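Knowing the structure of chain A, use the given hints to seat chain B on it.
Residue numbers (the numbering used here), protein chains in the order written: chain A, 1 to 125; chain B, 1 to 125.
A portion of the hints provided could be inaccurate.
Put simply, identical chains are the same to the list, so a pair is met inside one copy or across any two.
The list that follows gives simulated cross-link-like pairs (lysine to aspartate or glutamate, EDC-like), each with its CA atoms no further than 20 Å apart [unchecked claim]:
1) Lys122 to Glu52
2) Lys122 to Glu23
3) Lys101 to Glu38
4) Lys101 to Glu36
5) Lys101 to Glu2
6) Lys101 to Asp117
7) Lys101 to Asp112
I should point out that these hints are in silico values taken from the structure, not numbers from a laboratory. This structure is a prediction, so every number in the text was calculated from the model and none was measured.
2 protein chains.
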Amino acid sequence: MEIAIHFTPEAIVVPPLDLPSREIGAAVEFLGIVRELENGEALGGLHYEAYEPMARKVMARHFEELAGLHPCAAVLFIHRTGWVPVGEASMFLRVLASHRKEALAFMDGAIDRLKQDVPVWKRIR
Amino acid sequence: MEIAIHFTPEAIVVPPLDLPSREIGAAVEFLGIVRELENGEALGGLHYEAYEPMARKVMARHFEELAGLHPCAAVLFIHRTGWVPVGEASMFLRVLASHRKEALAFMDGAIDRLKQDVPVWKRIR
Numbered sequence: 001m002e003i004a005i006h007f008t009p010e011a012i013v014v015p016p017l018d019l020p021s022r023e024i025g026a027a028v029e030f031l032g033i034v035r036e037l038e039n040g041e042a043l044g045g046l047h048y049e050a051y052e053p054m055a056r057k058v059m060a061r062h063f064e065e066l067a068g069l070h071p072c073a074a075v076l077f078i079h080r081t082g083w084v085p086v087g088e089a090s091m092f093l094r095v096l097a098s099h100r101k102e103a104l105a106f107m108d109g110a111i112d113r114l115k116q117d118v119p120v121w122k123r124i125r
Numbered sequence: 001m002e003i004a005i006h007f008t009p010e011a012i013v014v015p016p017l018d019l020p021s022r023e024i025g026a027a028v029e030f031l032g033i034v035r036e037l038e039n040g041e042a043l044g045g046l047h048y049e050a051y052e053p054m055a056r057k058v059m060a061r062h063f064e065e066l067a068g069l070h071p072c073a074a075v076l077f078i079h080r081t082g083w084v085p086v087g088e089a090s091m092f093l094r095v096l097a098s099h100r101k102e103a104l105a106f107m108d109g110a111i112d113r114l115k116q117d118v119p120v121w122k123r124i125r
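So here's chain A without its partners, still in its complex pose:
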């Protein structure tokens, strides 16, 4: 499986879709967007910090494990760091697979795992 993991302090720009083979039947993309209300409090945005070397390593391991469960051809993960205003994306995930069920299951698992033990933190101020 092709794995790409990026961190950027800039606004996330979704890269053009580039299919690695003629056997890709499903491209699933997720943008995680900062919402205004967090626990009933109106925010202007969130601040994200990542311990990048470790975050890359942990995410890559999760992706490899998930590919064993839900075979997919490629995953692209981009996480923004620093201040992210409400309405802008803090993360982007693209999964390419032959079949849609695998791509959706991979994506769901990847986001669950991101929240578990990957050293990326958010704070309100």
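Chain B in isolation, oriented as in the chain A frame:
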């Protein structure tokens, strides 16, 4: 829930993301792409036909029902008709929701239902 359903004989162009509120936390997108191999046979593409008035009606009903199960803010569905070459998208689905789990469940359900009883057909030649 905002529902938009389009059929087009042209290549699908993914519309810019337009958030209907500051409470959207997840944008999930799916492109269904024509694969080269179908039951072991190498194809150049697939031909899609839709009975559009009925397909719109049935899809809209499915979307309303799914929104009752998995609350989402908006869904945009685009299906291409006519000849779709291998490597190009036959359909696009975008779901916006406050939370990712609802958006993914809505999307999975919507694609299942599309295959059930929506009058859109594909043929090899």
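- Is the C-alpha distance from Lys101 to Glu38 at most 20 Å within one copy, between copies, in both cases, or in neither? between (31 Å within a copy, 17 Å between copies)
- Item | Intra/inter-copy verdict for Lys122 and Glu52 if alpha-carbon distance must be at most 20 Å | The answer is within: 14 Å in one copy meets 20 Å, while 45 Å across copies does not.
- How would you label the pair Lys101, Asp117 (within, between, both, or neither) given a Cα cut-off of 20 Å? The answer is between: 19 Å across copies meets 20 Å, while 25 Å in one copy does not.
- Query: How do Lys101 and Glu36 come out at 20 Å by Cα distance, when the copy is not named: within, between, both, or neither?
  - Reply: between (31 Å within a copy, 18 Å between copies)
- Query: Should Lys122 paired with Glu23 be assigned to within, between, both, or neither, using CA atoms and 20 Å as the limit?
  - Reply: Cα proximity of Lys122 and Glu23: across copies only (18 Å, versus 38 Å in one copy).
- Homo-oligomer pair classification [Asp112, Lys101; C-alpha up to 20 Å]: both (17 Å within a copy, 10 Å between copies)
- Quick one: Lys101 to Glu2, C-alpha cut-off 20 Å, is that within a copy, between copies, both, or neither? within (18 Å within a copy, 25 Å between copies)
The structure agrees with every numbered hint stated previously.
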